[in-house]
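A.B. asks: So you can see what is in the structure, the chains are spelled out below.
There are 2 protein chains.
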Amino acid sequence: MHTQQATIDRVFHALGDPTRRAIVEKLSEGPISVSHLAKPLDITLAAVVQHLQILEKSGLVHTEKVGRVRTCRIEPKGLSVAEQWIEDRRSLWQKRLDRLGHFLAEPDPV
Amino acid sequence: MHTQQATIDRVFHALGDPTRRAIVEKLSEGPISVSHLAKPLDITLAAVVQHLQILEKSGLVHTEKVGRVRTCRIEPKGLSVAEQWIEDRRSLWQKRLDRLGHFLAEPDPV
Numbered sequence: 120m121h122t123q124q125a126t127i128d129r130v131f132h133a134l135g136d137p138t139r140r141a142i143v144e145k146l147s148e149g150p151i152s153v154s155h156l157a158k159p160l161d162i163t164l165a166a167v168v169q170h171l172q173i174l175e176k177s178g179l180v181h182t183e184k185v186g187r188v189r190t191c192r193i194e195p196k197g198l199s200v201a202e203q204w205i206e207d208r209r210s211l212w213q214k215r216l217d218r219l220g221h222f223l224a225e226p227d228p229v
Numbered sequence: 120m121h122t123q124q125a126t127i128d129r130v131f132h133a134l135g136d137p138t139r140r141a142i143v144e145k146l147s148e149g150p151i152s153v154s155h156l157a158k159p160l161d162i163t164l165a166a167v168v169q170h171l172q173i174l175e176k177s178g179l180v181h182t183e184k185v186g187r188v189r190t191c192r193i194e195p196k197g198l199s200v201a202e203q204w205i206e207d208r209r210s211l212w213q214k215r216l217d218r219l220g221h222f223l224a225e226p227d228p229v
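Chains H and W, in that order, are what the protein sequence lines are. Per this note's numbering, the first sequence runs over residues 120 to 229. Per this note's numbering, the second sequence runs over residues 120 to 229.
Please note that a few of the clues may not be correct.
With a straight-line cut-off of 27 Å between C-alpha atoms, the simulated DSSO-like cross-links for lysine-lysine are [unchecked claim]:
1. H:Lys145 to W:Lys196
2. H:Lys145 to W:Lys214
3. W:Lys184 to W:Lys145
4. H:Lys214 to W:Lys158
5. H:Lys196 to W:Lys214
6. W:Lys196 to W:Lys184
With the C-beta cut set under 10 Å, the calculated list includes, among others, these residues of chain W facing chain H [what the hints assert, rightly or not]:
7. Gly135
8. Val143
9. Leu146
10. Leu160
11. Leu164
12. Val188
13. Leu198
14. Ala201
15. Ser210
16. Trp212
A short, non-exhaustive set of chain H residues, derived as facing chain W with CB atoms under 8 Å [what the hints assert, rightly or not]:
17. Lys145
18. Gly149
19. Ile193
20. Leu198
I should point out that these hints are in silico values taken from the structure, not numbers from a laboratory. Backbone N, C-alpha and C fix where the C-beta goes; we use that ideal spot for every residue, glycine too.
Sequences and hints are given; from them, build the entire structure.
C.D. replies: This is how it looks when you write it as structure tokens:
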């Protein structure tokens, strides 16, 4: 349970930064090398590497070094963690609305 | 388009903080007054109010003052923004995998 909470914390912390979301947006188009990723982002390679480390620890991105080139790709596990958290909130909220609806639909006691 | 980007930024920034996520978690069980919300969170009322302002601006929470009591409830619009962003990333990534699958399934040219 605590591990799950830590995972959720890492994923939402990672997605809370606009540069890291821009990296995830770019990677959802397909795998790309770190240097190609850095170019349009207009930040240093060192900053990109730091963001990638946070994204990798959160399970949103996977990087792999082949020869001298490090390639990044999206890791769907991290997105699922965020999606599940949102879905759980929505589902609880919806159940409450449904209960309210049933209550309002009940005839008044006579 | 820029407004949409600003909304996404606000929602993910709001969800990036563990206390704000704890507030959303609590509110998905049902509406609650600000003072009741503050109690189990073990932070000052002023800090809760600050977090609520960020959550309200992002469209994740709605607060309303009736008499002397301010009540908070979840606002599903904000959750939908985050969900849609994740869904868009997943869908792009899935399309890419499908194209790869079709490519690999094609017979070799003879």
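A.B. asks: Each hint: holds or not?
C.D. replies: Going down the list of hints, with the structure as the test:
no. : hint                 : result
1   : H:Lys145 to W:Lys196 : holds, 25 Å
2   : H:Lys145 to W:Lys214 : holds, 14 Å
3   : W:Lys184 to W:Lys145 : holds, 19 Å
4   : H:Lys214 to W:Lys158 : holds, 25 Å
5   : H:Lys196 to W:Lys214 : holds, 17 Å
6   : W:Lys196 to W:Lys184 : holds, 20 Å
7   : Gly135               : holds, 2 Å
8   : Val143               : holds, 6 Å
9   : Leu146               : holds, 8 Å
10  : Leu160               : violated, 15 Å
11  : Leu164               : violated, 24 Å
12  : Val188               : violated, 20 Å
13  : Leu198               : holds, 5 Å
14  : Ala201               : holds, 6 Å
15  : Ser210               : holds, 8 Å
16  : Trp212               : holds, 5 Å
17  : Lys145               : violated, 10 Å
18  : Gly149               : holds, 5 Å
19  : Ile193               : holds, 5 Å
20  : Leu198               : holds, 5 Å
Hint compliance for this structure: hints 10, 11, 12, 17 are not met, and every other hint is.
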